[in-house]
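Residue numbers (the working numbering), protein chains in the order written: chain S, 1 to 185; chain X, 1 to 168.
Just so you know, the hints here were simulated from the structure itself, not pulled from any lab data.
Accuracy of the hints is not assured; some may be wrong.
Stated by the list, open to error - Calculated cross-link-like contacts (lysine-lysine; reagent style PhoX-like; alpha-carbon spacing at most 25 Å):
no.: 1; chain 1: S; residue 1: K175; chain 2: S; residue 2: K68
no.: 2; chain 1: X; residue 1: K139; chain 2: S; residue 2: K110
no.: 3; chain 1: X; residue 1: K20; chain 2: S; residue 2: K57
no.: 4; chain 1: X; residue 1: K30; chain 2: S; residue 2: K57
no.: 5; chain 1: S; residue 1: K113; chain 2: S; residue 2: K181
no.: 6; chain 1: X; residue 1: K20; chain 2: S; residue 2: K110
no.: 7; chain 1: S; residue 1: K71; chain 2: X; residue 2: K21
no.: 8; chain 1: S; residue 1: K179; chain 2: X; residue 2: K20
no.: 9; chain 1: X; residue 1: K21; chain 2: S; residue 2: K60
no.: 10; chain 1: X; residue 1: K21; chain 2: S; residue 2: K57
no.: 11; chain 1: S; residue 1: K177; chain 2: S; residue 2: K57
no.: 12; chain 1: S; residue 1: K67; chain 2: S; residue 2: K181
no.: 13; chain 1: S; residue 1: K177; chain 2: X; residue 2: K142
no.: 14; chain 1: X; residue 1: K139; chain 2: S; residue 2: K113
no.: 15; chain 1: X; residue 1: K20; chain 2: S; residue 2: K177
no.: 16; chain 1: X; residue 1: K142; chain 2: S; residue 2: K110
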Amino acid sequence: MMLASILVLLVTNPSAMLSEMIGSSTQALDLCIELCAIYVIWLGFVELLDASGLSEKLAKLLRPLIKKIFKVDNSEIQKIIALNLSANMLGIGNASTPMGIRAMNALDDKSGKANFSMIMLIVINATSIQLLPTTIIGLRTSAGSQNPADIIIPTLIATICTTLLGIFLVHLIDKIKNKCKRRRK
Amino acid sequence: MSNYILPILFLFLILYCIYKKINTYDHFVKGAKGAIKLVVEIFPFIASILIAVALLRVSGITSFLVKIISPVFKLLGIPPQLCELIILRPFTGSGSYGILENIFSTYGADSYISRCASVIMGCSETIFYVATIYISQTKVKKLLYAIPVALFCSFVGTIIACLLCRVI
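Please model the entire structure based on the sequences and the hints provided.
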């Protein structure tokens with residue numbers, strides 16, 4: 001991707017390359033500082049959840065679902081996934097990221113390849129299961145919309161469809177793969 | 001309504017901790033300690049992906065792609081005005097919010113195009129960004145079919161979004 005862009009830039013606008021690269025890495029640094037401030041709050045929040053035993057309760061609530069979707073038996077990992085999913089649903093995407101990273105580390109089997117549960121976690125996070133699109137409603141309000149919240153229902157339907165489709169596809173591909181393996185044996 | 005969710009969540013948690021006789025301050029500090037370490041570790045990944053996206057855009061590859069793809073989108077019922085948003089959405093969160101605001105000011109916040117764009121933003125994620133950050137601390141080099149499946153689902157979501165906005 002980068003190679004192709006640089007090749008094209010060489011022909012069209014060679015002077016823009018470095019300034020553009022520095023500009024975007026500065027942007028990345030800004031973003032990281034912002035993220036750091038956000039993570040301080042949410043990681044503190046999660047620590048409190050852990051210490052008070054609430055995260056355990058939340059995980060217990062979501063356990064049957066997580067067990068079925070992710071095929072994970074370890075209760076510690078189930079707990080982290082439960083936190084990641086609930087943060088996602090509440091629309092606090094920035095809070096779900098540190099939990100997602102933690103869950104991925106716990107699921108990693110050091111083989112260099114993503115396993116079934118890791119792929120599932122990425123797909124579910126990437127199809128976004130937001131229940132309240134707060135940022136977008138805010139943007140619409142400031143753009144002068146008469147009814148900024150009227151996108152909630154279509155968004156909800158669309159996001160449920162994509163997440164279910166994602167879960168279904170990952171299960172399907174996994175099944176096909178297992179069948180192929182068995183046949184080879 | 002949504003403004004109240006977070007304050008209530010925090011209030012509830014702190015009250016619950018007091019009820020359970022837990023030292024709120026100590027535990028909050030303990031958790032917050034992890035933030036800087038985490039950010040330092042994911043910074044190079046964020047920077048690389050932002051640099052790649054910026055180069056893609058300034059080189060004109062994105063606008064070239066938009067030109068090729070828009071007739072296909074038209075067939076699927078997706079307005080061609082949304083092409084840039086749909087192509088850049090998997091790569092950049094802040095970038096796609098910029099495009100969304102642009103769409104709002106060009107077509108008006110209550111137009112069909114703007115409502116479509118809002119629903120598309122709501123039901124999709126910055127897939128490449130999420131994937132890069134999530135695996136940044138693991139040994140994983142190959143994500144196998146994770147990205148194609150995620151992209152496909154998002155795209156189906158986009159088609160559903162455009163359909164729904166016509167009906168609802």
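Consistency of the hints with the structure:
A distance of roughly 14 Å separates the Cα atoms of K175 of chain S and K68 of chain S; the hinted pair therefore holds under the 25 Å criterion. Restraint check: the Cα-Cα separation between K139 of chain X and K110 of chain S comes to about 6 Å, which is no more than 25 Å; the hinted pair holds. Between K20 of chain X and K57 of chain S the alpha-carbon distance is near 14 Å, which keeps this suggested pair within the 25 Å criterion. Proximity of K30 of chain X to K57 of chain S is assessed by CA-CA distance (about 21 Å); at most 25 Å being required, the pair is judged to hold.
At most 25 Å may separate the alpha-carbon atoms for a hinted pair to count; K113 of chain S and K181 of chain S meet this at roughly 17 Å. For the hint linking K20 of chain X to K110 of chain S, the alpha-carbon distance of about 38 Å lies beyond 25 Å, and the restraint is violated. As the CA atoms of K71 of chain S and K21 of chain X are separated by approximately 35 Å, the hinted pair breaks the 25 Å bound. Only pairs whose Cα atoms come within 25 Å are accepted, and K179 of chain S paired with K20 of chain X is rejected, the gap being roughly 50 Å.
Restraint check for K21 of chain X and K60 of chain S: the C-alpha separation of about 22 Å stays at or below 25 Å, so the hint holds. Taking the CA atoms of K21 of chain X and K57 of chain S, the gap is near 17 Å; set against the 25 Å cutoff, the hint holds. For the given pair, K177 of chain S sits about 35 Å from K57 of chain S by alpha-carbon distance, which is inconsistent with the 25 Å threshold. Proximity of K67 of chain S to K181 of chain S is assessed by CA-CA distance (about 24 Å); at most 25 Å being required, the pair is judged to hold.
Between K177 of chain S and K142 of chain X the CA atoms are separated by roughly 16 Å; this keeps the pair inside 25 Å, and the hint holds. With a C-alpha separation of about 8 Å, the suggested pairing of K139 of chain X with K113 of chain S holds against the 25 Å cut-off. Proximity of K20 of chain X to K177 of chain S is assessed by CA-CA distance (about 48 Å); at most 25 Å being required, the pair is judged violated. Between K142 of chain X and K110 of chain S, the direct Cα distance comes to roughly 12 Å. Compliance with the 25 Å bound is thereby established for this hinted pair.
Violated hints, in rising order: 6, 7, 8, 11 and 15; the structure is consistent with all others.
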